[in-house]
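Undergrad: Could you slot chains B, C, D, E and F onto chain A? The hints should help.
In order, the protein sequence lines correspond to chains A, B, C, D, E and F.
The first sequence: position 77 = 104 (my numbering), numbered continuously.
The second sequence: position 168 = 195 (my numbering), numbered continuously.
The third sequence: position 62 = 89 (my numbering), numbered continuously.
The fourth sequence: position 149 = 176 (my numbering), numbered continuously.
The fifth sequence: position 173 = 200 (my numbering), numbered continuously.
The sixth sequence: position 127 = 154 (my numbering), numbered continuously.
Don't take every hint at face value.
Since copy identity is lost for identical chains, a pair holds within one copy or between any two.
Below are the SDA-like pairs computed for lysine to any residue, each with C-alpha atoms no more than 20 Å apart in a straight line [as the list claims (entries may be wrong)]: (1) Lys251 / Asp208; (2) Lys62 / Glu207; (3) Lys110 / Arg127; (4) Lys251 / Val166; (5) Lys224 / Thr198; (6) Lys62 / Asp50; (7) Lys108 / Gly123; (8) Lys80 / Asp185; (9) Lys80 / Gln229; (10) Lys62 / His51; (11) Lys251 / Glu38; (12) Lys62 / Gln134; (13) Lys110 / Thr88; (14) Lys62 / Leu39; (15) Lys80 / Asp100; (16) Lys173 / Asp100; (17) Lys224 / Asp196.
No wet-lab data here; the hints were simulated from the structure.
There are 6 protein chains.
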Amino acid sequence: MTREDGRTPDELRPITITRGWLDHAAGSCLVEFGKTRVLCAVAATEGVPRWRKGSGMGWLTAEYAMLPQATHDRSARESVKGKVGGRTHEISRLVGRSLRAAVDLSQLGENTIAIDCDVLQADGGTRTAAITGAYVALVDAVNHLKQQGAVKGDPLVDSIAAVSVGIIDGTPMLDLPYVEDVRAETDMNVVMTGSGKFIEVQGTAENAPFDRSELDALLALAEKGCADLTRLQREALDA
Amino acid sequence: MTREDGRTPDELRPITITRGWLDHAAGSCLVEFGKTRVLCAVAATEGVPRWRKGSGMGWLTAEYAMLPQATHDRSARESVKGKVGGRTHEISRLVGRSLRAAVDLSQLGENTIAIDCDVLQADGGTRTAAITGAYVALVDAVNHLKQQGAVKGDPLVDSIAAVSVGIIDGTPMLDLPYVEDVRAETDMNVVMTGSGKFIEVQGTAENAPFDRSELDALLALAEKGCADLTRLQREALDA
Amino acid sequence: MTREDGRTPDELRPITITRGWLDHAAGSCLVEFGKTRVLCAVAATEGVPRWRKGSGMGWLTAEYAMLPQATHDRSARESVKGKVGGRTHEISRLVGRSLRAAVDLSQLGENTIAIDCDVLQADGGTRTAAITGAYVALVDAVNHLKQQGAVKGDPLVDSIAAVSVGIIDGTPMLDLPYVEDVRAETDMNVVMTGSGKFIEVQGTAENAPFDRSELDALLALAEKGCADLTRLQREALDA
Amino acid sequence: MTREDGRTPDELRPITITRGWLDHAAGSCLVEFGKTRVLCAVAATEGVPRWRKGSGMGWLTAEYAMLPQATHDRSARESVKGKVGGRTHEISRLVGRSLRAAVDLSQLGENTIAIDCDVLQADGGTRTAAITGAYVALVDAVNHLKQQGAVKGDPLVDSIAAVSVGIIDGTPMLDLPYVEDVRAETDMNVVMTGSGKFIEVQGTAENAPFDRSELDALLALAEKGCADLTRLQREALDA
Amino acid sequence: MTREDGRTPDELRPITITRGWLDHAAGSCLVEFGKTRVLCAVAATEGVPRWRKGSGMGWLTAEYAMLPQATHDRSARESVKGKVGGRTHEISRLVGRSLRAAVDLSQLGENTIAIDCDVLQADGGTRTAAITGAYVALVDAVNHLKQQGAVKGDPLVDSIAAVSVGIIDGTPMLDLPYVEDVRAETDMNVVMTGSGKFIEVQGTAENAPFDRSELDALLALAEKGCADLTRLQREALDA
Amino acid sequence: MTREDGRTPDELRPITITRGWLDHAAGSCLVEFGKTRVLCAVAATEGVPRWRKGSGMGWLTAEYAMLPQATHDRSARESVKGKVGGRTHEISRLVGRSLRAAVDLSQLGENTIAIDCDVLQADGGTRTAAITGAYVALVDAVNHLKQQGAVKGDPLVDSIAAVSVGIIDGTPMLDLPYVEDVRAETDMNVVMTGSGKFIEVQGTAENAPFDRSELDALLALAEKGCADLTRLQREALDA
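Same shape as in the complex, but just chain A:
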């Protein structure tokens, strides 16, 4: 069984990670999962939110957003509508939780790391590309902060990567582009550490409930995909 774009079911799309895409950010990269293209930028600022002051610990937040013409049909700009949509909120929270799992906040001092993932072009898997790219930009930012002496500790505890999996016409498949995503019976986003543990598992029955064996097959596929992405992150960081 081959897919429309010629991949095998357990094969990622071509992945590109271009580090240092921005000149001002402490760390940044442009990450591409096929035609999905996300600009990840990481800034560090002194101070933490009010509820964390005096704890001696840092904080990490993330915001995900999509440009109006990232999708095939132009969508209205959230700033013009005056509110952030539910999907945007949900994904921003997911990216933040996922990246916090990469960091020992007690090693950051009372500094805040702000991650921005802006989808320049969307073709499925934008949230998983965002998380995968954000990790690379985060490593560069942390190294930059250490060089500057702004961070003294060693806050990075593990690497983080994410991938989507889904069941299409009964077959579990890895890293779905938009055309597959809309047809999937079940759709799952999985965030894992480089050491092979789970950070987030979010499975949704889009068109049909799934049973335990389907769930197991999807999890196995996600483990394979995250391992591949972890290797590609390491290569990008070593380059």
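TA: For chains B, C, D, E and F alone, kept in the frame of chain A given last:
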């Protein structure tokens, strides 16, 4: 190993489902998971959102919200802040997706079902109580609509229940109250059909990544909890 | 002349006040005027608004709101609309002013009392039920704060109750349910102290201007109703 | 007993009504109650709100607002804050209800009258000045619409005027400027028809509850003040 | 060639500047350019925005707004819409930048001057009338602050005036009313100092691009108009 | 006199225009003026705003925005703040007006062209880069629409380019990067047609008023810069 409230790890809190708690709504119930208390109400209106017009199919939406004094410390009212928070958005979307899985929208005609789940008191598991109660209110609403002749088909395809599970001090536990929830290393919300299939699996490493065997243990516990809730829903509906 | 529900013109609907309906709030009650059902909750927090700092005096605020399905036709949620409506604003301000009349703010210290009145079901008279119930919850909250030592003085100066009156087909009537309210020529909400003085008188010619003798008849009826409610509040607090 | 500005307790401040202050509005006036200065403008547009369509009846709305430097200390602009405050909402609703009492909406056809009352300078009594001035502008607007043939019927049923009264140091007084308003124990705004009936009675115990005899004294004073204003309106309209 | 209102192409409309139109503001005036009528008010408050604290320098902000019935067709109120429109934002920023050019902020101390320009009636040239009037109100406010001792230095460095110019049917014209403004091929707003230098030049091709010679003709006309306005400002301030 | 980056005063930064940077948009380009990097995208949709319906004419709108980490210090996201800032509003309006000058809207039919200019990295001149790039993307979009048959006429009437100029230490300079922009005494943005006429001239005295001869020098420099950009646009479109 017993828990602070005396339950065994695979035991639900006392569950109460009071049908018809409201006089105006087409269907309603007050659902209680221990001290968590959620008022679920279901309304039906003619017409569907613009993007669905002419499809001959219905629609179902849900909104979840929390009263300011539902929690121990009063939280600011979202209407006064002028925006819906990310957590509220995320749970509203989850409730909607979950309940849509109970319904064959093509049997509804071009009508919209609006579900409101308002948390009157929160003690952990509010989203799973909301989904479990909303299903009961939905059954009453659909029967009401059929009696009125507003719905001719048979839109209900399966029952839906949801439960939280988590790992606390290394032990997987069912249906976490707030005191357990904040201590959990890993926390998972699972939505299942009455026939034992999965609708949503949302697992999050709160304090530590989890491995595959922990994930398996949590899924097994959730299957047990959802089966119990399905039975309690049936009893409430038969009463 | 009897009314649709069998009451005499000067008779209240069945009034129920269930104290301690919530576990977290400093004071709370579920108050019912017939089918109108309002959940009143009272929280105390340290500190006062900026313009009151350093005065040594406390503050008291109130928010009134209605659940979407409290009324017969579902109304849109104000948090989702992103703004508080004029009616909500107006009643919140009325509740706040009324309850502040029960309290000597100089006895509170620089603490703020926040009252939330959430209408779970609406059948006329929601604002008067809210004020009447809020007073009971306030007494419990103040006693709780005194036990904790958070309040040293004796801030409660008088009890507060409120009732609606109106003229229907030329007859002044007490405590209008929705079916009477929409037919009323004139509609008045009156807030009084337990000692029989007025705090607020808000009369509105809904369908026809009213003359001085009609106004006098409505005021007499309101005095009777508030006296009845004061007695019921005392009974609830003594229970 | 004389007042700071030399008036007797039952005397209005100097009242000025300048008709036709604007060139574009269908009707307008600048109304002054002493130093309080309100610009009232009335526009008519075809069509009615959605919920009134097909009724054959018209509608009337009103908006009240205050310029930032109308008061002694500059207040933030509501458009910049992004929301209308509770006080503004409350007064806008009062002005609308009051003026609707002047109009037989069935004589308007499906047209909407929009009244804007903008406080250019505030020195107490802004809402009563707004109502009193809005009536004059409304008469001019209705006559203008009749001349244009846009309104065929005779929608004006009675004149409307409003005044504030209050108790200061135990003495009931008419038409309070700001310095008296802040000292008043009790404060009442009364809206009446030209034929001497009540449209709105809004009494508030600002600093002390009031008894029935004080209420009676305030009502008598308001009747006197509204009669004076009605005469001044008539003179302005006859000029 | 004469214009509809009988003016020559290089002639201003009748200009009226009424100082001290408000009682509370530190400085104020009602400025009229023909039927365009703008109320300018200036307030001073202690303190500066956060980003300027500790600089020892003051700040000056401006807000421009239009009443709903200032224009021929009533426009919706921005506070009710919940957001400030682009045009309002743009003009507010222009007024602020222009008036800051009149002031040496280092002579103000850490105080903020807030200028409000509210258009009561619009007939073209509202932003230029606002700037021209705001300067006069600013002079009165600064003198008031110096008398009070709140400002010790001499912050006013030059006078500021503004005028609109445009090309209509090929002829450059000064100070366009609405009927000319909508027909203009090109439209320019120019802000100048009393000493004849430029502060802002904003030219826009409304209906046709303009060449360099047209631009030169418009600039010459604007220089003439601003010189006339400077003289009228001086006369108003000397009165 | 040479500049920090080695350019002569009348020399543009390196300009890059990468067409077709997006796969979904009807036309798009990534335009770079030195380190300033703007993604321009053009979409066409059927229909026009309400006020233009039935005119047979099209419409063109533009939105300009900046990513949070486009600048050196991260700025808050406007969607999260819930409102569009004044600067964003002002530039969006400028881009829209400028590009409408390139188009004969009567040749578009009742279609709307939406232009999005998102600043990915900012180093001065973002609005002029946006306009210059938007024109190139617009040409590609119009050609695309004509190929599809969606546009039958020939709406493009002239090319549009924009550049910034300013006076630094008394010397007029072309195309200012951020380090020059903050030091400029005077700053001007000029939009011109390919045929050498002016569309917009926006000059601002940032730190000192400017006289007529300085204005003339800046205009001459802008004419030179726009001519260079027009040539570069043509080369990009011919490639």
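Undergrad: Each hint should be assessed against the structure and marked as holding or not.
TA: Each hint tested on the structure:
For the identical chains of this complex, Lys251 and Asp208 are intra-copy neighbours only, at 19 Å inside a copy versus 31 Å across copies, given an alpha-carbon limit of 20 Å. Within a single copy, Lys62 and Glu207 get their C-alpha atoms as close as 14 Å, which meets the 20 Å cut-off; across copies the closest is 37 Å, which misses it. Neither within a single protomer nor between protomers do Lys110 and Arg127 lie at most 20 Å apart by alpha-carbon distance, with minima of 25 Å and 25 Å respectively. In this homomeric assembly, Lys251 and Val166 never come within 20 Å of each other (Cα to Cα): the closest approach is 23 Å inside a single copy and 42 Å across copies.
Only between protomers do Lys224 and Thr198 lie at most 20 Å apart by alpha-carbon distance; the minimum there is 18 Å, versus 24 Å within a single protomer. Taking the shortest alpha-carbon separations for Lys62 and Asp50, only the inter-copy value of 8 Å comes in at or below 20 Å, while the best intra-copy value is 24 Å. For the homomeric pair Lys108 and Gly123, the shortest alpha-carbon distance between copies (18 Å) is at most 20 Å, but the shortest distance inside one copy (24 Å) is not. In this assembly of identical chains, the alpha carbons of Lys80 and Asp185 never lie at most 20 Å apart, being 26 Å within a copy and 42 Å across copies at closest.
Taking the shortest alpha-carbon separations for Lys80 and Gln229, neither the intra-copy value of 32 Å nor the inter-copy value of 31 Å comes in at or below 20 Å. In this assembly of identical chains, the alpha carbons of Lys62 and His51 lie at most 20 Å apart only when taken from different copies (10 Å versus 25 Å within one copy). Taking the closest pair of Cα atoms, Lys251 and Glu38 come within 20 Å of each other only inside a single copy of the chain (9 Å); across copies the shortest separation is 35 Å, beyond that limit. With identical chains, the CA atoms of Lys62 and Gln134 are never at most 20 Å apart, being 36 Å at best within one copy and 34 Å at best between copies.
In this assembly of identical chains, Lys110 and Thr88 lie within 20 Å of each other by CA distance both inside one copy and across copies; the values are 19 Å within and 19 Å between. For the identical chains of this complex, Lys62 and Leu39 are intra-copy neighbours only, at 12 Å inside a copy versus 33 Å across copies, given an alpha-carbon limit of 20 Å. In the homo-oligomer, the alpha carbons of Lys80 and Asp100 lie at most 20 Å apart only across protomers (19 Å), although the nearest pairing inside one protomer, at 44 Å, exceeds that limit. For the homomeric pair Lys173 and Asp100, the shortest alpha-carbon distance between copies (19 Å) is at most 20 Å, but the shortest distance inside one copy (43 Å) is not.
Proximity of Lys224 to Asp196 under the C-alpha cut-off of 20 Å is restricted to the inter-copy arrangement: shortest distance 18 Å between copies versus 29 Å within a copy.
The earlier numbered hints that this structure contradicts are 3, 4, 8, 9, 12.
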